[in-house]
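*Asks:* Next come the chains, spelled out residue by residue.
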Amino acid sequence: MTFGIQVKNDNGQLLIDSELSHYHFIGKYTSYNTTQIPDLLNGPGIVSFGPNQNKDMTGMPAKGTIYKYTIPSNGVKPPMVFIKNTTDNYMAVIVTNKVGSNWDTWVFSSGTGTAPTVYAFGPRNQFASSPSGFGLETYNAAGDPTFDSNLKPLRVIGGGNITAPTSAHTGSFGGVYIASLGVNVNDSSSTFNSSANEDDIIYYCPSIAHACHQYEYQQSDSGISKWQSYAWSRGDLWWCFYRSGFKITSGSGNTKYLKSNYGVYARGHVWQHVANSSSIFVGLILGAITGGAYFAIALAAIVATGAFTTSGVASGGYLPYANGSRDSSLPNTYILTRASYYD
Amino acid sequence: MSFGIEIFDAVGNTLYSSADSSWNLIGSFNAPANTNTSFTCPVYPERIVSRLMLNQLSGDDEAFVHEYTLASNSSTLYVTAPSSTETVETQFLVFGR
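Chains as they are written, first to last, in this note's numbering: chain A, 1 to 343; chain B, 1 to 97.
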């Protein structure tokens with residue numbers, strides 16, 4: 001090192017380096033909006049022949065909640081958003097999107113209830129304020145501020161890796177006209193030690209894993225009833241789109257756990273049901289739904305209601321793939337600090 | 001405290017203490033969507049790498065996140081896009097101790 005400052009501990013580990021862009025406390029934020037992905041529900045009502053039950057969301061698992069925050073940090077580096085999760089729900093950042101000089105950040109919770117407070121940190125050179133000229137400030141070779149003791153530098157108390165469960169649901173996906181798509185897998189868990197109260201520990205661990213499951217069912221029949229020929233066919237597609245989240249729990253002594261599991265991010269049920277003297281539809285309906293013909297019509301009808309706009313979310317089918325998961329085998333790195341350092 | 005550094009505010013509150021900083025941020029990089037690339041970060045005895053999906057709003061994306069390789073004693077973080085069309089822009093934060 002020919003210039004600048006480095007601070008090391010007794011093990012020679014580097015703690016402060018003027019060439020590294022340290023993150024500092026931007027602020028503590030409450031959500032400006034709470035929403036959910038609207039139910040994707042569409043299909044014909046009562047039809048004269050065939051079963052008419054469950055043309056709704058009966059039996060489907062409850063959706064989680066999206067909490068939205070806006071974090072000022074004017075630059076290409078998104079803020080580190082730590083979640084103070086004092087509930088039993090799994091929570092994680094699922095969307096980070098730059099809007100002007102702010103970062104729009106969405107936290108997904110597997111349940112409902114009060115929005116969590118988030119604590120945001122960002123690099124010094126993305127703060128609106130200029131260095132004050134006192135305290136300990138460091139600059140890199142380009143003259144950009146990299147550490148500023150006046151802005152509460154991030155104090156990391158722990159970290160590690162956790163991997164989400166392989167998928168959100170195992171076993172049967174349903175029977176006849178009732179889907180069974182609730183999250184039923186065990187938590188995955190990572191153990192750490194801290195003397196801090198679990199409610200004081202806040203975590204940075206963005207969600208990367210997601211999963212989709214769907215259940216399909218079709219019935220059809222034809223014959224003669226009351227001296228009249230009939231034919232009907234009904235096909236249904238139910239699905240859930242899940243996102244992973246996290247929570248902290250306590251064990252004995254100073255043992256703590258970061259646990260991961262999924263919540264239902266979006267859910268849908270699209271069906272087609274026809275009664276016709278011809279049996280031409282028999283066997284075709286479910287394929288047309290899963291193949292996209294009826295699905296596209298249903299989605300267009302939902303978009304036309306304005307449900308997505310009202311909810312403040314992007315329109316879409318929220319069925320990006322059939323049964324499976326993405327990124328669920330990849331480790332999530334988590335970083336821990338204490339809310340009380342910044343309250 | 002017999003070693004390290006502590007910084008206090010004007011009323012004596014600790015603003016920073018080397019005693020509780022177990023991990024330090026040593027690199028922050030954004031990998032463009034659908035692209036393989038690499039970044040340079042300092043070598044530490046132990047490093048962990050955090051990923052964050054960026055600018056991903058649509059529920060119809062398959063949304064793969066970049067994968068990475070960071071070998072011990074290597075200063076190169078290799079990141080790869082598992083899908084050439086569905087890998088989102090990813091921020092990598094590298095922490096060392």
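These aren't lab readings, by the way, just hints derived from the structure by calculation.
These numbers come from a predicted model, not from an experiment.
Warning: the hint list may mix true and false statements.
To be verified - Distance ranges between label pairs, derived from CB positions: (1) ASN254/A - GLU46/B: 18 to 24 Å; (2) THR191/A - SER72/B: 22 to 28 Å; (3) PRO45/B - SER195/A: 36 to 42 Å.
Glycine included, each C-beta is placed from N, C-alpha and C at the ideal position.
*Asks:* Would you say the C-beta atoms of PRO45/B and SER195/A sit inside 36 to 42 Å of each other?
*Replies:* This hint is violated: roughly 25 Å between Cβ atoms.
*Asks:* Do the Cβ positions of THR191/A and SER72/B conform to the proposed distance bound of 22 to 28 Å?
*Replies:* holds, 24 Å
*Asks:* Between ASN254/A and GLU46/B, does the beta-carbon spacing fit 18 to 24 Å?
*Replies:* The hinted range 18 to 24 Å holds for ASN254/A and GLU46/B, with Cβ atoms some 21 Å apart.
Hint compliance for this structure: hint 3 is the single one not met.
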